[in-house]
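Protein chains: 2
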Amino acid sequence: MPVLVATIVPKPGKLEDVEAALKEILPLVHEEPGCEIYALHRGDDRLVMIEKWSDSTALKEHSKGPNLAKLGERLVGLVDGRRDIVTVEAVPTGDPAKGAI
Amino acid sequence: MPVLVATIVPKPGKLEDVEAALKEILPLVHEEPGCEIYALHRGDDRLVMIEKWSDSTALKEHSKGPNLAKLGERLVGLVDGRRDIVTVEAVPTGDPAKGAI
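Keeping their order, the protein sequence lines are chains A and B. My numbering applies: residue 1 is where the first sequence begins, and numbers increase by one. My numbering applies: residue 1 is where the second sequence begins, and numbers increase by one.
Excised from the complex, chain A in its bound form (with noise of 0.2 Å):
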């Protein structure tokens, strides 16, 4: 079950923009088919999507869907393409409730 962790940095001043856009597209996302968890965080300088696809098909049919697609046409201007996107697979350990999202 992949889990990834999604970083995106805005242009300054850009922040509000970008979790605006992102704020659209999640109920979208969240109705696409295999979305366990598609949550948004944000830091000082960033936002970060942690995100968790039933399996990889779910997961590539998420990279190539419309959803993504109109997210990446809201952020043009925003960002400066820096997209950082880490793709890992969970570890389930002690505590079931704690040790895995």
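Any given hint might turn out to be false.
Copies of the same chain look alike in the list, so a pair counts if it works inside one copy or between any two.
To be verified - Subject to a maximum C-alpha distance of 20 Å in a straight line, what follows is the list of computed EDC-like cross-link-like pairs (lysine to aspartate or glutamate):
#1 Lys14 - Glu31
#2 Lys60 - Asp84
#3 Lys14 - Asp55
#4 Lys64 - Asp84
#5 Lys60 - Asp80
#6 Lys14 - Glu32
#7 Lys11 - Asp55
#8 Lys64 - Glu16
Treat the hints as calculated values from the structure; they're not laboratory data. Small disclaimer: the values here were computed from a predicted structure and weren't measured.
Given the structure of chain A, go ahead and fit chain B onto it with the hints provided.
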């Protein structure tokens, strides 16, 4: 409620050793006050912890506590010192079951 993404990049060939050290320490961290999530993930060249703490006080106690110190001792010689920690705040949006960890 602070969320952290902590990335550890082991020295070449040391991924399994670092994972073992993390698996040892995880159940202890789960028992710390205010630990909501402390979840291990493995990538090709890195281990990623996704953490959620009840508040900044609990996180501060964890940061200076004995379990993290013990982990630091176990990691001596296994990592290059590159430990990246990103602290963010949740912005729950959309489906409550999918829009937050």
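Verification of the hints:
| no. | hint | verdict |
| --- | --- | --- |
| 1 | Lys14 - Glu31 | neither (27 Å within a copy, 39 Å between copies) |
| 2 | Lys60 - Asp84 | within (17 Å within a copy, 27 Å between copies) |
| 3 | Lys14 - Asp55 | neither (33 Å within a copy, 27 Å between copies) |
| 4 | Lys64 - Asp84 | within (17 Å within a copy, 29 Å between copies) |
| 5 | Lys60 - Asp80 | neither (24 Å within a copy, 33 Å between copies) |
| 6 | Lys14 - Glu32 | neither (27 Å within a copy, 37 Å between copies) |
| 7 | Lys11 - Asp55 | neither (33 Å within a copy, 29 Å between copies) |
| 8 | Lys64 - Glu16 | neither (26 Å within a copy, 33 Å between copies) |
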